[in-house]
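Visitor: Here's the letter readout for the chains.
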Amino acid sequence: MAILLFADHDNAALSEQTAKTLTAASQIGGEVDILIAGQNAGGAAAEAASLAGVRSVILAEAEALEHRLAEPTAALIVALAADYDSIIAPATTTGKNVMPRVAALLDVMQISEVIEVVAADTFKRPIYAGNAIEVVQSTEAKTVLTVRTAGFAAAGAAEAAAPVKTVEATAEGADLSRFLENTLSQSDRPELNAAKIIVSGGRALGSDEKFRELLNPVADKLGAAVGASRAAVDSGYAPNDLQVGQTGKIVAPDLYVACGISGAIQHLAGMKDSKVIVAINTDEEAPIFQVADYGIVGDLFEILPEIERQL
Amino acid sequence: MKVLVPVKRVVDHNVKIRVKADGSGVDLANVKMSMNPFDEIAIEEAVRLKEAGTADEVIAVSVGPAQAQDVLRTALAMGADRAILITVDGAVEPLAVAKLLKGVVATEEPGLVILGKQAIDDDCNQTGQMLSALLGWSQATFASEIVLAGGKAKVTREVDGGLQAIEVALPAIVTADLRLNEPRYASLPNIMKAKKKPLDSKTPEDFGVTVAPRLSVLRVEEPAARTAGIKVGSVAELLDKLKTEAGVI
Chain A
1 MAILLFADHD NAALSEQTAK TLTAASQIGG EVDILIAGQN AGGAAAEAAS
51 LAGVRSVILA EAEALEHRLA EPTAALIVAL AADYDSIIAP ATTTGKNVMP
101 RVAALLDVMQ ISEVIEVVAA DTFKRPIYAG NAIEVVQSTE AKTVLTVRTA
151 GFAAAGAAEA AAPVKTVEAT AEGADLSRFL ENTLSQSDRP ELNAAKIIVS
201 GGRALGSDEK FRELLNPVAD KLGAAVGASR AAVDSGYAPN DLQVGQTGKI
251 VAPDLYVACG ISGAIQHLAG MKDSKVIVAI NTDEEAPIFQ VADYGIVGDL
301 FEILPEIERQ L
Chain B
1001 MKVLVPVKRV VDHNVKIRVK ADGSGVDLAN VKMSMNPFDE IAIEEAVRLK
1051 EAGTADEVIA VSVGPAQAQD VLRTALAMGA DRAILITVDG AVEPLAVAKL
1101 LKGVVATEEP GLVILGKQAI DDDCNQTGQM LSALLGWSQA TFASEIVLAG
1151 GKAKVTREVD GGLQAIEVAL PAIVTADLRL NEPRYASLPN IMKAKKKPLD
1201 SKTPEDFGVT VAPRLSVLRV EEPAARTAGI KVGSVAELLD KLKTEAGVI
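If you read the protein sequences in the order shown, they are chains A and B.
For the record, in the first sequence the residue sitting at position 40 is 40 according to the working numbering, with numbers rising by one throughout.
The working numbering runs 1000 ahead of the 1-based position in the second sequence.
Simulated from the structure, these hints should not be mistaken for lab results.
The C-beta atom is built at its ideal place from N, Cα and C for all residues, glycine as well.
Treat the hints loosely; a few may be bogus.
Capping the alpha-carbon separation at 25 angstroms, the derived lysine to any residue pairs in SDA-like fashion look like this [unchecked claim]:
hint, chain 1, residue 1, chain 2, residue 2
1, B, 1154, A, 172
2, B, 1032, B, 1241
3, B, 1241, B, 1217
4, B, 1243, A, 252
5, B, 1032, A, 133
6, B, 1241, A, 283
Examples of chain B residues lying across from chain A (beta carbon under 8 angstroms, computed) [as the list claims (entries may be wrong)]:
hint, residue
7, 1026
8, 1027
9, 1122
10, 1147
11, 1214
12, 1221
Sequences are here, hints too, so could you generate the full structure?
Guide: Written out as structure tokens, the structure is:
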């Protein structure tokens, strides 16, 4: 059994989600090759080669792959697919964009957002925003999977680096779409998907100024990432990439502090696997308290500054 | 230009679903069903393109049971011109839906297909990408803005790190994210008018597609339950618990 892992990276460095997906791949069992598709991606390839449990790293570099647009990236993976029984990727926006295209080109039904490997062909995945868990078995010749990485630990470092092989990237599909620009959030805080602590705000913050003014100092003291509910993002208090929930980021930090978040089903779907949940809300009936380990009923505008002072 | 919008009938997003005790699935008996919320956004975007004079005709299509007519009527009431129902009983996987939609695209020849990025029942997030692959078209997923000009679409996509702008050649597949627009409510006169708009019925056989599932669902489980913890009276008590009891700060 051989597994091809389509890595998530920014050319310079590998994302932690790739190391977590490697753990899921190892649980399926078999030899794992990591595919680095990119441009000037030697840095990411070297990091991938240093992970424990990697047979080899396949490096494909081309201008069309720099931003891993779906069409050329899927064509590349399909060209490599013959040698593999399973193709796996983290369920990042890149993985979610590319993998169903790969699956359809291979005439395979994809299994999305795997949270547990039951057997090499059987997986658990959440449906209905995580309100039910489906156990599915594939009858396909190949499996195509995306992994919800929050539930998997990152693979460790290898004693010796795996070999890096270079492959030619086909130009197929490169004329269909063109990258224009990225508008990425700049922040010194940890990324939501990798953070041990997340301080998250809801609509109760009232404005983007208050959102920053109240949450940032607490997050800075805790070394935490900042998250937001859909309501806060829709209201313009926080950018879309901070959204935690069914359609935003799925996180499972050691500590999740929900500030002024009522706890809509779709938000809970994104954070209820956190180890410890703290809820701060004026409404003591808010559903968030039903999943919180520690709750404080009270005014955010007093409690958050008080937390910052006492930390 | 024609715009095709596939829509799915799903459990209404306000319903708290229940897993059947025997683990055979989710209890759908007597549960309120509605159009998938992301598909409403897709319909809204297509109707706005028509109102702006960019699109000539908006066609809604659904794959599902006879009752999926209801969500097609909703699409017609929102402003779609006509509808196609491909009747299938039971669950249909995204790959099969994409194959059926490919058949619809072959006859209708739309310049743009807008889909919701995922259905809120199976949460697969696959159909648009698969349809794009089967057609060999360009794809722009998770769109928060679409600008059409000169035979191309400039699409702003919601990605993990922020936003990404790409340009795709038409015809193209675009999937709608939450912030693409706010769907309108259909007015009563439009709901009445929608009843007279054409709705064609098709079957998978019309497209030569088999819809037999490729994955077998062995069982459906309740997620691990979290129990409510305790309420603390002060910030000092909270921080003490987090330090000593939970050990997370």
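Visitor: Confirm or reject each hint.
Guide: A quick look at each hint next to the structure:
no. : hint              : verdict
1   : 1154(B) - 172(A)  : holds (21 angstroms)
2   : 1032(B) - 1241(B) : violated (42 angstroms)
3   : 1241(B) - 1217(B) : violated (42 angstroms)
4   : 1243(B) - 252(A)  : holds (19 angstroms)
5   : 1032(B) - 133(A)  : holds (21 angstroms)
6   : 1241(B) - 283(A)  : holds (22 angstroms)
7   : 1026              : holds (5 angstroms)
8   : 1027              : violated (10 angstroms)
9   : 1122              : holds (5 angstroms)
10  : 1147              : violated (11 angstroms)
11  : 1214              : holds (4 angstroms)
12  : 1221              : holds (4 angstroms)
In this structure, the earlier hints numbered 2, 3, 8, 10 are contradicted, and the remaining ones agree with it.
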